[in-house]
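Each chain is listed here by its residues.
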Amino acid sequence: DAMVIQNPRYQVTQFGKPVTLSCSQTLNHNVMYWYQQKSSQAPKLLFHYYDKDFNNEADTPDNFQSRRPNTSFCFLDIRSPGLGDAAMYLCATRSRTANGYTFGSGTRLTVV
Amino acid sequence: AQSVSQHNHHVILSEAASLELGCNYSYGGTVNLFWYVQYPGQHLQLLLKYFSGDPLVKGIKGFEAEFIKSKFSFNLRKPSVQWSDTAEYFCAVNARFSGGYNKLIFGAGTRLAVHP
Chain A
1 DAMVIQNPRY QVTQFGKPVT LSCSQTLNHN VMYWYQQKSS QAPKLLFHYY DKDFNNEADT
61 PDNFQSRRPN TSFCFLDIRS PGLGDAAMYL CATRSRTANG YTFGSGTRLT VV
Chain B
113 AQSVSQHNHH VILSEAASLE LGCNYSYGGT VNLFWYVQYP GQHLQLLLKY FSGDPLVKGI
173 KGFEAEFIKS KFSFNLRKPS VQWSDTAEYF CAVNARFSGG YNKLIFGAGT RLAVHP
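Sequence order for the protein chains is A and B. Just so we're aligned: 52 in this note's numbering is position 52 of the first sequence, and the numbers increase by one with no gaps anywhere. When you read off a place in the second sequence, starting at 1, and then add 112, the result is the number in this note's numbering.
So here's chain A without its partners, still in its complex pose:
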């Protein structure tokens, strides 16, 4: 089935050690999003790619970066994770011609 796949499901990283989360899709959607969801809070948009066009939310910390080497893959890089970055990270896709979003299962990041 076409879907959005996030790896790994659970990631533990050390304070200050760079970490990369990955998202892949088989939907051929041209838009990909990264959301951060902290415990008991709503998902918060970090950035999104419209094809290769990168769009950063104004309040996304510089510590967070993203790469999209091709249509299928998108990566979230956290350069120096702090304890406050522990959260569920959600990847979502959307087709330019459709109105729905498809979410991955998320990666739960723990910072120790």
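Since the hints were derived computationally from the structure, they do not count as laboratory data. All C-beta atoms in this analysis are idealised placements derived from N, C-alpha and C, irrespective of residue type, glycine included. Mixed in with the good hints, there may be bad ones.
Okay, derived cross-link-like pairs now, DSS-like style, lysine-lysine, Cα gap no bigger than 30 Å in a straight line [stated by the list, open to error]:
1. B:161 with B:215
2. A:44 with B:181
3. A:52 with A:17
4. B:161 with B:183
5. B:170 with B:215
6. A:44 with B:173
7. A:52 with A:38
8. B:161 with B:181
9. B:170 with A:44
10. A:38 with B:173
11. B:181 with B:215
12. B:173 with B:161
13. B:161 with A:44
14. B:215 with B:173
15. A:17 with A:44
16. A:44 with B:215
17. A:52 with B:181
18. B:181 with B:170
19. A:17 with A:38
20. B:170 with B:183
21. B:183 with B:215
22. B:173 with A:52
23. B:183 with B:173
24. B:183 with A:52
25. A:38 with B:215
26. A:52 with B:215
Facing chain B, from chain A, some residues (calculated, C-beta under 10 Å) [claimed, not checked]:
27. 31
28. 40
29. 48
30. 75
31. 103
Label-pair ranges, simulated between beta-carbon atoms [unchecked claim]:
32. A:112 with B:208: 21 to 31 Å
33. A:100 with B:120: 21 to 31 Å
34. B:119 with A:100: 36 to 46 Å
Take the given structure of chain A and dock chain B to it, following the hints.
The following block gives chain B in isolation, referenced to the frame of chain A:
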């Protein structure tokens, strides 16, 4: 600015009780509205969505929602809840920006606890 407001942060019900969760949005463009559910420890799942047409939309697991344009509302309902409906519920609106960009903006969520 675009926003979504969910009135109830926590709701506690007994099984078989009726449910209504409020959602109001602030957005001036064409509205696409969503309700997502998140069961404990799991990822977001789409319950239902409204794009156009019949303002009463039916979703999975017996949920429905009604879009009332004049009230900027999209309330979620279920006639009889079950213990398995214990979860967090998020209302969201798709917002369009210049350049053709779209973003999904979420409300703060409502945590529902259903007691047997």
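Results for each hint:
Taking the CA atoms of residue 161 of chain B and residue 215 of chain B, the gap is near 15 Å; set against the 30 Å cutoff, the hint holds. At most 30 Å may separate the alpha-carbon atoms for a hinted pair to count; residue 44 of chain A and residue 181 of chain B meet this at roughly 25 Å. Among the hinted pairs, residue 52 of chain A with residue 17 of chain A is consistent with the structure: their alpha-carbon atoms are about 27 Å apart, no more than 30 Å. As the CA atoms of residue 161 of chain B and residue 183 of chain B are separated by approximately 18 Å, the hinted pair is consistent with the 30 Å bound.
About 23 Å separates the Cα atoms of residue 170 of chain B and residue 215 of chain B, which keeps this hinted pair within 30 Å; it holds. Proposed proximity of residue 44 of chain A and residue 173 of chain B is supported: the alpha carbons are some 26 Å apart, at most 30 Å. Only pairs whose Cα atoms come within 30 Å are accepted, and residue 52 of chain A paired with residue 38 of chain A is accepted, the gap being roughly 27 Å. Between residue 161 of chain B and residue 181 of chain B, the direct Cα distance comes to roughly 15 Å. Compliance with the 30 Å bound is thereby established for this hinted pair.
Proposed proximity of residue 170 of chain B and residue 44 of chain A is supported: the alpha carbons are some 27 Å apart, at most 30 Å. Between residue 38 of chain A and residue 173 of chain B, the direct Cα distance comes to roughly 26 Å. Compliance with the 30 Å bound is thereby established for this hinted pair. Simply put, residue 181 of chain B and residue 215 of chain B have alpha-carbon atoms about 20 Å apart, close enough for the 30 Å limit, and the pair holds. For the hint pairing residue 173 of chain B with residue 161 of chain B, the CA-to-CA distance comes to about 14 Å; that is within 30 Å, so the pair holds.
As the CA atoms of residue 161 of chain B and residue 44 of chain A are separated by approximately 20 Å, the hinted pair is consistent with the 30 Å bound. Between residue 215 of chain B and residue 173 of chain B the CA atoms are separated by roughly 26 Å; this keeps the pair inside 30 Å, and the hint holds. Distance check on the hinted pair: residue 17 of chain A and residue 44 of chain A sit about 23 Å apart at the alpha-carbon level, within 30 Å; holds. A distance of roughly 11 Å separates the Cα atoms of residue 44 of chain A and residue 215 of chain B; the hinted pair therefore holds under the 30 Å criterion.
Taken as a hint, the residue 52 of chain A and residue 181 of chain B pair is broken in the structure, with Cα atoms around 35 Å apart against an allowance of 30 Å. Of the supplied pair hints, the one linking residue 181 of chain B and residue 170 of chain B holds, its CA atoms being roughly 17 Å apart against a limit of 30 Å. For the hint linking residue 17 of chain A to residue 38 of chain A, the alpha-carbon distance of about 20 Å falls within 30 Å, and the restraint holds. Under the criterion of a C-alpha separation no larger than 30 Å, the hint pairing residue 170 of chain B with residue 183 of chain B is consistent with the structure, at around 20 Å.
About 22 Å separates the Cα atoms of residue 183 of chain B and residue 215 of chain B, which keeps this hinted pair within 30 Å; it holds. Taking the CA atoms of residue 173 of chain B and residue 52 of chain A, the gap is about 38 Å. The hint is violated against a cut of 30 Å. Distance check on the hinted pair: residue 183 of chain B and residue 173 of chain B sit about 26 Å apart at the alpha-carbon level, within 30 Å; holds. Annotation: proposed proximity of residue 183 of chain B to residue 52 of chain A is violated, straight-line Cα distance about 38 Å (limit 30 Å).
Taken as a hint, the residue 38 of chain A and residue 215 of chain B pair is honoured in the structure, with Cα atoms around 19 Å apart against an allowance of 30 Å. Between residue 52 of chain A and residue 215 of chain B the alpha-carbon distance is near 16 Å, which keeps this suggested pair within the 30 Å criterion. Taking 10 Å as the C-beta contact cut-off toward chain B, the hint placing residue 31 of chain A at the interface holds, the least distance being around 7 Å. About 7 Å separates the beta-carbon of residue 40 of chain A from the nearest beta-carbon of chain B, less than 10 Å, and the hint is met.
Taking 10 Å as the C-beta cut-off, the interface hint given for residue 48 of chain A holds, the closest approach to chain B being about 7 Å. The interface hint given for residue 75 of chain A is violated, since its Cβ lies 19 Å from the closest Cβ of chain B, which is over the 10 Å cut-off. About 5 Å separates the beta-carbon of residue 103 of chain A from the nearest beta-carbon of chain B, less than 10 Å, and the hint is met. Checked against the given bound of 21 to 31 Å, the beta carbons of residue 112 of chain A and residue 208 of chain B, roughly 40 Å apart, lie outside it.
With their beta carbons about 26 Å apart, residue 100 of chain A and residue 120 of chain B fall inside the hinted range of 21 to 31 Å. Restraint check, residue 119 of chain B to residue 100 of chain A: a C-beta distance of roughly 26 Å breaks the suggested window 36 to 46 Å.
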